[in-house]
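2 protein chains.
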Amino acid sequence: MTERDVCELLETKQYKRIKESFAEMNQVDLAELLEELPERQMIMAFRLIGKEEAAETFSCMESREQQILVEALTERELRAVLDDMFLDDTADLLEEMPANVVERILANTDLETRRQLNQLLSYPEDSVGSIMTVEYVDLKPHMTVKASLEKIRRVGIDSETIYTCYVIQNKKLLGIVTAKALLISDERKSVQEIMESNIITINTHDDQETAAKLVRKYGLIALPVVDREGCMVGIVTVDDAMEVMQDEVTEDIALMAAVAPSEDSYFSTSVFRHAGNRIPWLLILMLSATLTGMIITKYEMAFEAIPVLVSFIPMLMDTSGNCGSQSSALIIRGMAIDDIRLKDALRVIWKEIRVAALVSSTLAVVNGVRIYIMYQQNLKLAALIGMTLICTVTLAELIGCSLPMLAKRCKLDPALMAAPLITTFVDAAAITIYFSIATALFNV
Amino acid sequence: MTERDVCELLETKQYKRIKESFAEMNQVDLAELLEELPERQMIMAFRLIGKEEAAETFSCMESREQQILVEALTERELRAVLDDMFLDDTADLLEEMPANVVERILANTDLETRRQLNQLLSYPEDSVGSIMTVEYVDLKPHMTVKASLEKIRRVGIDSETIYTCYVIQNKKLLGIVTAKALLISDERKSVQEIMESNIITINTHDDQETAAKLVRKYGLIALPVVDREGCMVGIVTVDDAMEVMQDEVTEDIALMAAVAPSEDSYFSTSVFRHAGNRIPWLLILMLSATLTGMIITKYEMAFEAIPVLVSFIPMLMDTSGNCGSQSSALIIRGMAIDDIRLKDALRVIWKEIRVAALVSSTLAVVNGVRIYIMYQQNLKLAALIGMTLICTVTLAELIGCSLPMLAKRCKLDPALMAAPLITTFVDAAAITIYFSIATALFNV
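Sequence order for the protein chains is A and B.
Residues in the first sequence are numbered consecutively from 22, following my numbering.
Residues in the second sequence are numbered consecutively from 22, following my numbering.
What the hints contain is simulated information worked out from the structure, not anything from laboratory work.
Wrong hints could be hidden among the right ones.
The list makes no distinction among identical chains, and a pair is therefore deemed to hold if it is satisfied within one copy or across any two copies.
[Claimed, not checked] Simulated pairs of lysine-lysine, BS3-like, Cα-Cα distance not exceeding 25 Å:
| hint | residue 1 | residue 2 |
| --- | --- | --- |
| 1 | LYS401 | LYS319 |
| 2 | LYS234 | LYS72 |
| 3 | LYS72 | LYS238 |
| 4 | LYS172 | LYS192 |
| 5 | LYS372 | LYS432 |
| 6 | LYS319 | LYS161 |
| 7 | LYS210 | LYS167 |
| 8 | LYS319 | LYS34 |
| 9 | LYS167 | LYS364 |
| 10 | LYS372 | LYS192 |
| 11 | LYS40 | LYS72 |
| 12 | LYS238 | LYS40 |
| 13 | LYS193 | LYS210 |
| 14 | LYS234 | LYS432 |
| 15 | LYS34 | LYS167 |
| 16 | LYS364 | LYS193 |
| 17 | LYS172 | LYS210 |
| 18 | LYS161 | LYS210 |
These numbers come from a predicted model, not from an experiment.
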């Protein structure tokens with residue numbers, strides 16, 4: 022069903038048909054469909070979603086559309102939606118909404134929920150607490166398997182949240198029991214007999230990226246979250262972990278291109294925000310690039326005597342810049358997936374030195390030969406370019422691999438030390454090396 | 022327990038203690054620990070892992086260590102490990118091993134398993150078939166909930182594979198039933214009464230990345246895989262989907278830095294392989310950069326007359342290059358997460374044009390003023406740099422956003438159209454624009 026179909030059916034008041042086809046749709050697709058509708062139609066269409074699907078669909082929508090709906094819905098409708106929503110989704114919703122909308126939402130939640138929401142909202146951004154789900158199945162150590170299965174039947178909320186149950190005594194997490202374990206064990210056994218007691222947990226204040234990595238590394242469906250006192254407070258489900266993984270990568274790629282990362286999607290970010298995200302780094306890099314320019318002026322006599330020297334500047338700058346960004350990109354990514362650790366720093370540098378030796382000599386030979394042929398056997402020129410390439414490429418790869426590690430060492434995001442910044446450093450170096458060799462060779 | 026502890030305990034033959042502490046460890050950590058041991062110790066230690074954990078631990082190890090073990094184990098030990106391994110893991114193992122090792126492994130698997138393995142190995146690399154799990158719980162539509170739960174108890178292999186059961190009739194997938202649905206429904210109901218019949222599936226020959234995206238988008242724990250005839254053949258589990266997500270991103274980041282992506286980790290890739298992955302693109306880019314050089318030579322008189330012109334080349338090249346890579350990075354990532362689609366091409370271009378207007382004018386003004394002050398009120402020079410920046414930056418952002426979309430349109434990987442290639446294009450353009458404005462302004 023396309024947005025056009027929906028509009029037509031709405032025009033012709035064929036609400037029953039809309040209801041039917043909505044009922045067959047997956048909530049994720051339904052949310053996307055609604056977002057494509059004009060405001061009025063979207064609100065009408067949303068009211069035609071079955072009670073069971075409404076909350077889930079609402080959770081899948083973009084905050085802009087969510088706000089429109091919250092403002093359009095009646096108290097009763099709004100409460101119905103909020104009651105069926107997961108608390109972490111409601112918390113995310115509150116973070117996005119303007120004050121007046123937040124008030125309306127809170128006014129429609131009971132006291133206990135409000136308390137939990139405030140708790141969730143109090144966790145720092147990007148912390149585990151800010152992404153965790155507070156709904157999970159907790160069991161007592163002495164419960165029988167039979168009793169536990171009955172409890173799941175009663176409280177079981179949603180797949181991710183029932184497939185691992187948590188054995189808790191005075192708020193402390195003793196162990197986990199998978200739904201599988203419950204299914205295959207003797208009904209009379211007690212939970213503590215079958216529970217897995219060596220468990221991976223994470224703290225509410227840890228970085229959400231750490232949680233995502235643990236979920237990935239150990240192939241978990243849910244990761245239990247404990248607070249500073251070691252009390253179980255929630256879980257991070259695998260689907261949220263995947264979202265975090267994706268967002269963190271998007272942020273890294275933006276940083277690596279010298280763009281201030283933005284939470285919103287490309288289109289939902291305004292032109293001014295886009296410009297604002299790009300200009301600061303461009304200015305810094307532009308001004309530092311003028312340094313390279315000043316170095317060049319120092320060698321004015323050199324290229325006034327031999328103008329052809331100027332024509333090699335772009336090739337030298339680009340090549341060394343590319344080498345630098347190649348190694349920085351590999352190191353940054355390697356560190357992001359814990360493939361490279363800070364203690365490996367020396368191994369990395371030694372490896373890059375050997376790679377640089379191979380790369381630089383290859384480029385030097387190819388280019389040397391090319392120049393020797395193209396510039397009537399000008400051996401000196403060929404030698405100059407060759408030698409410059411060997412020095413600059415080697416230097417570039419060293420800078421490219423060390424800066425990201427240095428950044429991490431200084432608790433900065435290594436992704437900052439990518440192509441743009443590296444290139445600026447490397448250019449200045451390349452130009453200096455180039456002209457000092459040139460002046461020496463051609464004694465100008 | 023550190024690798025040193027293990028070595029000591031092995032020396033002093035305290036096998037019981039090793040066994041005990043291994044039993045308490047998570048297989049993922051155990052695998053990492055073994056990998057850090059010297060060969061002899063690793064083999065000894067592996068033999069001390071409990072039968073239940075051995076296969077899982079083996080699956081978590083790097084192929085280099087797996088090969089050492091396969092060659093060291095006796096037929097009986099090897100068969101024991103292989104029997105407990107998931108077929109998709111065994112298939113991955115076979116892909117990595119040399120022929121003689123493959124023979125040994127196949128010799129130790131029964132005919133049926135061999136048939137399934139060959140099937141798995143026949144799927145193209147990066148296809149869904151190559152990452153799917155063939156173990157899953159299939160139910161018949163008329164089975165009761167009770168019978169289904171019993172079947173899970175009997176065949177249930179591993180968490181991911183039991184939480185969603187597949188209702189199948191003559192090999193066709195009719196619907197899915199979650200373990201949750203089974204747990205909360207009346208035992209006498211039939212499976213088809215409670216099954217979810219509008220399901221998301223994927224084809225064996227689709228790209229593994231598509232599977233990962235579906236798992237993420239719909240928050241699935243497992244995604245059913247059907248062959249060309251629409252028969253159910255396997256599932257993609259969420260943990261495998263996360264691996265795919267991670268590998269695809271690593272590949273993109275490498276491509277974006279003009280490095281041929283490699284399957285192996287940074288350290289397990291040899292120096293020669295590293296060089297081999299980097300040199301080809303460097304050569305291409307280096308030679309195309311000489312084009313920019315040739316353009317410069319065309320304007321020799323210009324900078325012979327006004328040498329200071331040369332000193333702005335690096336700043337202009339870097340700035341326009343950075344702008345180009347900023348927009349290309351955003352577009353490449355946007356398309357990777359389906360945030361930007363090809364049909365949005367014009368919207369993107371229009372957005373980038375407006376961003377470019379803001380960015381370029383800001384940079385132009387800042388730089389113009391700087392030059393006006395630093396070069397004794399040389400208005401002409403300030404104007405030249407300002408105008409050049411406006412043209413080149415705008416052009417750069419347009420090239421930066423269109424090339425990735427063009428690549429996708431041509432079924433190429435958009436990640437190829439990132440900083441390095443964009444910069445090369447943009448440099449040539451920037452230099453041309455710069456000198457043509459210069460010659461016009463200063464009529465040299």
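These are the hints, each one checked on the structure:
With identical chains, the CA atoms of LYS401 and LYS319 are at most 25 Å apart both within one copy (22 Å) and between copies (22 Å). In this homomeric assembly, LYS234 and LYS72 never come within 25 Å of each other (Cα to Cα): the closest approach is 36 Å inside a single copy and 28 Å across copies. For a Cα distance limit of 25 Å, the shortest separation of LYS72 from LYS238 across copies, 22 Å, qualifies, whereas the shortest one inside one copy, 37 Å, does not. Taking CA atoms no more than 25 Å apart as the test, LYS172 paired with LYS192 passes inside one copy only; the shortest distance there is 18 Å, against 35 Å between copies.
When the C-alpha separation of LYS372 and LYS432 is checked against a cutoff of 25 Å, the pair qualifies only within one copy, where the shortest distance is 24 Å, while the shortest distance between copies is 35 Å. Proximity of LYS319 to LYS161 under the C-alpha cut-off of 25 Å is found in neither arrangement, the shortest distances being 77 Å within a copy and 83 Å between copies. Taking the closest pair of Cα atoms, LYS210 and LYS167 come within 25 Å of each other both inside a single copy (8 Å) and across two copies (20 Å). For a Cα distance limit of 25 Å, the shortest separation of LYS319 from LYS34 qualifies neither inside one copy, at 78 Å, nor across copies, at 70 Å.
For the homomeric pair LYS167 and LYS364, neither the shortest alpha-carbon distance inside one copy (50 Å) nor that between copies (55 Å) is at most 25 Å. Taking identical chains as interchangeable, the C-alpha atoms of LYS372 and LYS192 are never at most 25 Å apart, the minima being 49 Å within one chain and 52 Å between chains. With identical chains, the CA atoms of LYS40 and LYS72 are at most 25 Å apart within one copy only, with a shortest distance of 11 Å there and 54 Å across copies. In this assembly of identical chains, LYS238 and LYS40 lie within 25 Å of each other by CA distance solely across copies; the values are 23 Å between and 42 Å within a copy.
In this homomeric assembly, LYS193 and LYS210 come within 25 Å of each other (Cα to Cα) only inside a single copy, at 22 Å, whereas the closest approach across copies is 38 Å. In this assembly of identical chains, the alpha carbons of LYS234 and LYS432 lie at most 25 Å apart only when taken from the same copy (18 Å versus 32 Å across copies). In the homo-oligomer, the alpha carbons of LYS34 and LYS167 never lie at most 25 Å apart, since the shortest distance is 50 Å inside one protomer and 44 Å across protomers. Taking identical chains as interchangeable, the C-alpha atoms of LYS364 and LYS193 are never at most 25 Å apart, the minima being 35 Å within one chain and 53 Å between chains.
In this homomeric assembly, LYS172 and LYS210 come within 25 Å of each other (Cα to Cα) both inside a single copy, at 15 Å, and across copies, at 20 Å. In this assembly of identical chains, the alpha carbons of LYS161 and LYS210 lie at most 25 Å apart only when taken from the same copy (13 Å versus 30 Å across copies).
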